[in-house]
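Number of protein chains: 2
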Amino acid sequence: MIIDVHGHYTTAPKALEDWRNRQIAGIKDPSVRPKVSELKISDDELRESIVNNQLKKMRERGSDLTIFSPRASFMAHHIGDFEVSSTWAAICNELCARVSQLFPDHFIGAAMLPQSPGVDPKTCIPELEKCVKDYGFVGINLNPDPSGGHWTSPPLSDRQWYPIYEKMVELDIPAMIHVSTSCNACFHTTGAHYLNADTTAFMQCLTSDLFKDFPTLRFLIPHGGGAVPYHWGRFRGLAQELKKPLLKDHLLHNIFFDTCVYHQPGIDLLTKVIPVDNILFASEMIGAVRGIDPETGFPYDDTKRYIEASTILSAKDKHKVYEGNARRVFPRLDAALKAKGK
Amino acid sequence: MIIDVHGHYTTAPKALEDWRNRQIAGIKDPSVRPKVSELKISDDELRESIVNNQLKKMRERGSDLTIFSPRASFMAHHIGDFEVSSTWAAICNELCARVSQLFPDHFIGAAMLPQSPGVDPKTCIPELEKCVKDYGFVGINLNPDPSGGHWTSPPLSDRQWYPIYEKMVELDIPAMIHVSTSCNACFHTTGAHYLNADTTAFMQCLTSDLFKDFPTLRFLIPHGGGAVPYHWGRFRGLAQELKKPLLKDHLLHNIFFDTCVYHQPGIDLLTKVIPVDNILFASEMIGAVRGIDPETGFPYDDTKRYIEASTILSAKDKHKVYEGNARRVFPRLDAALKAKGK
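Protein sequences appear in the order of chains A and B.
Taking numbering that gives the first Met the number 0, the leading residue of the first sequence gets 0, the next gets one more, and so forth.
Taking numbering that gives the first Met the number 0, the leading residue of the second sequence gets 0, the next gets one more, and so forth.
Treat the hints loosely; a few may be bogus.
Because identical chains share one entry, a pair is satisfied inside a single copy or across any pair of copies.
Once the Cα atoms are required to be at most 30 Å apart in a straight line, the calculated DSS-like pairs of lysine-lysine come out as [stated by the list, open to error]:
1. 13 x 243
2. 247 x 317
3. 129 x 341
4. 132 x 337
5. 303 x 242
6. 337 x 129
7. 271 x 315
8. 247 x 303
9. 39 x 56
10. 242 x 13
11. 271 x 303
12. 242 x 271
If you're looking for bench data, these hints aren't it; they were derived computationally from the structure.
Please work from the sequences and hints to get the whole structure.
Here it is as structure tokens:
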């Protein structure tokens, strides 16, 4: 089985975006704020948005199951207050839940949280619990910068985040550390902000003793870990300067990287440098980079091709990357699969 | 000849730091603000700080000449106002000028600029001109985020930066894009902020047409280009989505990467992905990572070992990385060397 641990609902019916635009307009003018009940998307519309997009590509490329969460760039936690984020997160999560009910063999949910700048993260817990307990979601996306590129929250090692971590440990779910749209003109969202956040999150963990407090907490750092594997020597050296243990002991029981790296040399570097037990297959399709690579004739984000072509990974390693590690990092996914005899 | 294009004066005599601390204290209490004349560092002190540190390692490792600029993390443009930055930059640049006069065969200067958040960058031009014309400096370090991790300046493509670029073109000098200390708790200075800035600067150039306005402008992106080479497929794909030319045409006449990547797999990725004409040898020693890599038994930042061990670069390629490209990107360096018959 091939599990893609990083998929977002980037192809939701247009009605969702229209509703969101009305919600945003309603921040300034409450008279135009839409009711949740005004958003009407039928099962057929959901099916069509999936069958012709993600599921089509999964079949073409040969992956079986996607861990599916709301569109990352649309989370936009910086817009409005907690009430706005809370309503929006509930809507987006419910749509992912419906997709996973319509296609139970191919999609399983991960939740966005109703984060809001300056608001205590523990306010996210009711939505988180609903998604896991009612919808059967197997993970969450945690935004280390709900300000959208102004980085006004404390680092992930700060105790303000601990209520989230306590709930994650209790429910045995990991978090993918994933920012949303940048509203800072310095940072292009998918070309700078995403990668910077990955690197930043890793270094926040490196300088802290977070995983002493939460030995079973698990973070998935997407986009191949930002700059981290490419600069693995730098990070090993910085840990050494800071008198931290070796990275494999200090961080690699708790931090995992996905394979959203869109060319063969990048995947080769990742798999050479990072232990195979810490690498989880992912493509983030249909996402930031949708084109065909003229150098290969195949889509940039068809990351399975790079794993297949790897001469560094053995067949056993590839099984870990495709399935074994995902079952270990997402125990609720493993349980859901086993319940189906898979 | 082996030219290291990225060295900072990290080993300046303690008197410099003491003076700076008094200057910072003087921001709140002008009565304690020190005069420039109160900083006294003798030639012997300068010699000692170099002979036992950078020059010792250059001899041990086998590099000949370092492009030498003030300590990056100490630029701290976010501290105080333009007057504070201006005085501090003048002092730091003068020390690098004195080092290059004391060791003319081994060091040549690059200038820090007296940037200050919210202040028009053109105010930096007098210091820049002094360094190039009076001190014989061959480049500058340009900080894309003088706020120190709050990213309050416009992108590098913004016209506010154009006066600097016009002067760079006139004087035919490149800029290394290098941030300073982060005062944002989210970003570790050398483990996150530096790498993020490299990625951010590249993407700012990618989304813009800056090099159409300045076809001969040259930026050196340090630390191996942050996350860029590792995600080269992503950046190629993003350029494609944005209807930009191929990166080699869009950016690689103007953007260059150094080799401050502290492990062999990282250097191998860099040299595999980025055309050899765009890679300049550098170590940034004595810098962020000063330890011995237990996996090799050699210093992490002895980047010459990785270049030497490369099976991707030919002997001719290595000559370009070590010398040829530096002479091309820093024409004033080439002219200074030729004037000495080198």
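Given a CA cutoff of 30 Å, do residue 129 and residue 341 count as a within-copy pair, a between-copy pair, both, or neither? within (25 Å within a copy, 71 Å between copies)
Within a copy, between copies, both or neither: which one fits residue 271 and residue 303 at a CA-CA cutoff of 30 Å? both (17 Å within a copy, 21 Å between copies)
Should residue 39 paired with residue 56 be assigned to within, between, both, or neither, using CA atoms and 30 Å as the limit? Intra 26 Å, inter 68 Å, cutoff 30 Å: intra-copy only.
Check residue 242 against residue 271 for me: Cα-Cα at most 30 Å, and say if that holds within a copy, between copies, both or neither. Within one copy, since 25 Å is at most 30 Å while 33 Å is not.
Cα distance capped at 30 Å. Does residue 132 pair with residue 337 within a copy, between copies, both, or neither? Within one copy only: 18 Å inside a chain, 73 Å across chains, cut-off 30 Å.
Which holds for residue 13 with residue 243 at a C-alpha limit of 30 Å: within a copy, between copies, both or neither? between (49 Å within a copy, 28 Å between copies)
How do residue 247 and residue 303 come out at 30 Å by Cα distance, when the copy is not named: within, between, both, or neither? For residue 247 and residue 303, the Cα distance is within 30 Å both inside one copy (26 Å) and across copies (26 Å).
Which holds for residue 303 with residue 242 at a C-alpha limit of 30 Å: within a copy, between copies, both or neither? between (38 Å within a copy, 26 Å between copies)
Go through the copies and call it for residue 337 and residue 129: within, between, both or neither, with a Cα cutoff of 30 Å. within (22 Å within a copy, 71 Å between copies)
Within a copy, between copies, both or neither: where do residue 247 and residue 317 come within 30 Å Cα-Cα? Within. Shortest intra-copy distance 20 Å satisfies the 30 Å Cα cut-off; inter-copy 33 Å does not.
Taking 30 Å as the upper bound on the Cα-Cα distance, should residue 242 and residue 13 be classified as within, between, both, or neither? between (52 Å within a copy, 24 Å between copies)
Should residue 271 paired with residue 315 be assigned to within, between, both, or neither, using CA atoms and 30 Å as the limit? both (15 Å within a copy, 27 Å between copies)
Violation of the numbered hints given earlier is absent; every hint is satisfied by the structure.
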